[in-house]
Amino acid sequence: MIPVIKLEGISFAYEDRLILENLNLEVKEKDFLAIIGPNGGGKTTLLRLILGTLRPNKGDLRVFGLAPKKARHLIGYVPQHGLFDQDFPISALDVVLTGRLGLHSLFPRYSATDLALAKEAMRTLAVEDLANLRYGELSGGQKQRVLIARALVGKPKLLILDEPTSSVDSRVEEDVYALLTELNEEITIIIVSHDLGFVSSYVDQVACLNRRMVIHTTEEITKDVVAGLYQSPMDMIEHQCNL
Amino acid sequence: MGEFLGAVLKYSFMQNAVFAGVLASLASGLIGTYVVVKRITFISGGIAHTVLGGMGVAYYLGVDPLAGAIVAALGAAVLLGFVNVKAKQHEDTIIGALWAVGMAVGIVFMSLTPGYNVDLMSFLFGNILMVTNPVLRILIYLDLSIILLVTVFYRQFLLIAFDEEHARLRGLPVTFLYILLLCLIALTVVILIKIVGLIMVIALLTLPAAIAGLFTHTLGYMMGAATGLSLVFTLGGLAVAYNLDLPAGAVIVITAGLAYLLALGGQKLFINRLKAKAEKETQPSDGSLA
Chain H
1 MIPVIKLEGI
11 SFAYEDRLIL
21 ENLNLEVKEK
31 DFLAIIGPNG
41 GGKTTLLRLI
51 LGTLRPNKGD
61 LRVFGLAPKK
71 ARHLIGYVPQ
81 HGLFDQDFPI
91 SALDVVLTGR
101 LGLHSLFPRY
111 SATDLALAKE
121 AMRTLAVEDL
131 ANLRYGELSG
141 GQKQRVLIAR
151 ALVGKPKLLI
161 LDEPTSSVDS
171 RVEEDVYALL
181 TELNEEITII
191 IVSHDLGFVS
201 SYVDQVACLN
211 RRMVIHTTEE
221 ITKDVVAGLY
231 QSPMDMIEHQ
241 CNL
Chain G
1 MGEFLGAVLK
11 YSFMQNAVFA
21 GVLASLASGL
31 IGTYVVVKRI
41 TFISGGIAHT
51 VLGGMGVAYY
61 LGVDPLAGAI
71 VAALGAAVLL
81 GFVNVKAKQH
91 EDTIIGALWA
101 VGMAVGIVFM
111 SLTPGYNVDL
121 MSFLFGNILM
131 VTNPVLRILI
141 YLDLSIILLV
151 TVFYRQFLLI
161 AFDEEHARLR
171 GLPVTFLYIL
181 LLCLIALTVV
191 ILIKIVGLIM
201 VIALLTLPAA
211 IAGLFTHTLG
221 YMMGAATGLS
231 LVFTLGGLAV
241 AYNLDLPAGA
251 VIVITAGLAY
261 LLALGGQKLF
271 INRLKAKAEK
281 ETQPSDGSLA
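Residue numbers (our numbering), protein chains in the order written: chain H, 1 to 243; chain G, 1 to 290.
In short, the hints are calculated from the structure, not lab data.
Misleading hints may appear alongside valid ones.
So the derived list for chain G, only partly shown, Cβ under 7 Å to chain H, looks like this [to be verified]:
no.	residue
1	37
2	155
3	159
4	169
5	171
6	217
7	242
8	277
Distance windows between CB atoms, simulated [claimed, not checked]:
no.	chain 1	residue 1	chain 2	residue 2	range
9	H	166	G	42	38 to 46 Å
10	H	123	G	218	17 to 25 Å
11	H	28	G	272	40 to 48 Å
12	H	53	G	257	38 to 46 Å
13	G	279	H	55	28 to 36 Å
14	H	17	G	141	47 to 55 Å
15	G	220	H	28	40 to 48 Å
16	G	64	H	66	45 to 53 Å
17	H	166	G	173	28 to 36 Å
In this text, a Cβ means the ideal position worked out from N, Cα and C, and glycines have one as well.
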């Protein structure tokens with residue numbers, strides 16, 4: 001079976017600054033992988049390589065056996081919800097509907113199917129009541145769900161979430177992960193996070209990334225692994241490592 | 001006001017002015033909304049000022065300056081579109097350079113052409129009272145192109161304005177769409193230059209949309225409201241200017257500016273009142289700050 005993602009000897013540098021060095025990784029269907037690591041450790045760069053908006057300097061990267069750019073339609077990507085202009089005049093429903101736009105949608109309206117799929121995705125995420133509110137007015141957790149709904153309407157086989165629980169409270173965080181676990185029965189999920197403690201009770205594998213990458217199954221993760229990754233045994237990390 | 005209406009009924013140049021105002025308002029409402037939500041006012045300014053270069057060259061060659069304006073505006077739009085993609089880190093410097101060099105080229109070519117004086121002023125400050133029938137016809141075509149393209153690409157433009165990265169991941173031709181949007185801005189600028197001149201074009205492009213954005217929640221409503229406001233400013237300004245015998249372009253821009261100030265103040269008041277009301281309603285039930 002073709003792996004969802006296969007990285008072989010991937011390196012990437014911005015000019016002469018090496019960001020990623022010789023990464024190897026295989027993600028299989030219905031895996032739930034967390035990529036963790038410090039800021040500046042290359043997490044976002046790795047995401048961009050997988051999404052095909054950056055190209056590696058060295059190595060081979062396949063997504064569903066294809067070049068990343070060609071596999072984009074199989075990926076649902078959920079960016080950090082706080083990145084958007086809070087005053088932008090767009091309703092939650094319209095945000096979700098943009099997940100149905102493609103290269104060939106030239107007819108100026110969404111079809112009934114698009115609308116039905118968008119509403120269904122919003123129901124799954126329990127945000128259907130917010131459809132007509134402006135995106136900027138929603139709470140952090142609600143925005144997160146709207147963005148997940150947007151990713152799901154494209155019927156992806158791989159869902160990638162960038163810091164899904166940043167700036168939401170722990171109850172919302174728990175909801176998000178419960179939901180992801182449910183979705184994981186159908187699709188492969190990758191999340192990027194700096195917060196290991198919570199992640200590790202839900203995912204099967206953790207890829208620790210700080211220029212180099214080390215992959216652990218969640219049972220293996222110990223304080224030492226994390227301390228090694230961050231290169232200083234910070235209190236916060238010890239606290240998060242109560243596995 | 002009666003005097004203004006009488007003049008509109010009596011003189012064909014006044015009818016042309018009103019018609020040009022309607023066309024300008026439509027273009028400014030639709031395209032100004034994108035300029036405001038995508039925050040590309042500076043780029044639009046760059047495009048507007050490059051137009052003078054095109055007009056100057058057209059004048060020198062003895063071609064219709066409006067044609068020169070259209071070519072220069074579209075050229076600047078395509079160039080700035082590629083700069084955004086290929087050399088983003090130098091974008092604002094390049095816009096600034098294009099802005100000034102465009103004007104300089106225009107001034108040089110106009111000074112090389114004998115007997116231009118009157119027109120330079122009308123390019124810089126606009127003259128809605130001198131819109132001739134052939135010009136009006138060109139403005140109609142420009143408006144129709146803008147309306148058609150916005151109708152076809154409404155959702156795509158919305159997505160590249162809200163979340164360009166997602167547009168790219170959905171496989172949309174982001175660079176093409178961005179350059180197309182800049183070209184529509186270029187055409188709008190050419191229309192608006194006829195009304196308020198290139199120095200003040202940014203005001204009429206952005207102020208109606210900015211005011212509309214304070215009170216609307218979707219892009220479509222924002223476009224509608226911006227078009228309506230633009231119409232009020234243009235025709236209201238024209239009427240005032242006619243009655244007081246003042247330059248129409250300047251009066252239109254001042255009207256829009258005052259309305260923007262009022263709207264900002266009004267919005268602050270409105271929000272404070274809502275907040276006060278919300279606090280009053282939550283306080284008796286529980287003491288916490290909900």
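Which earlier hints can't be squared with this structure?
7, 8, 9, 11 and 13
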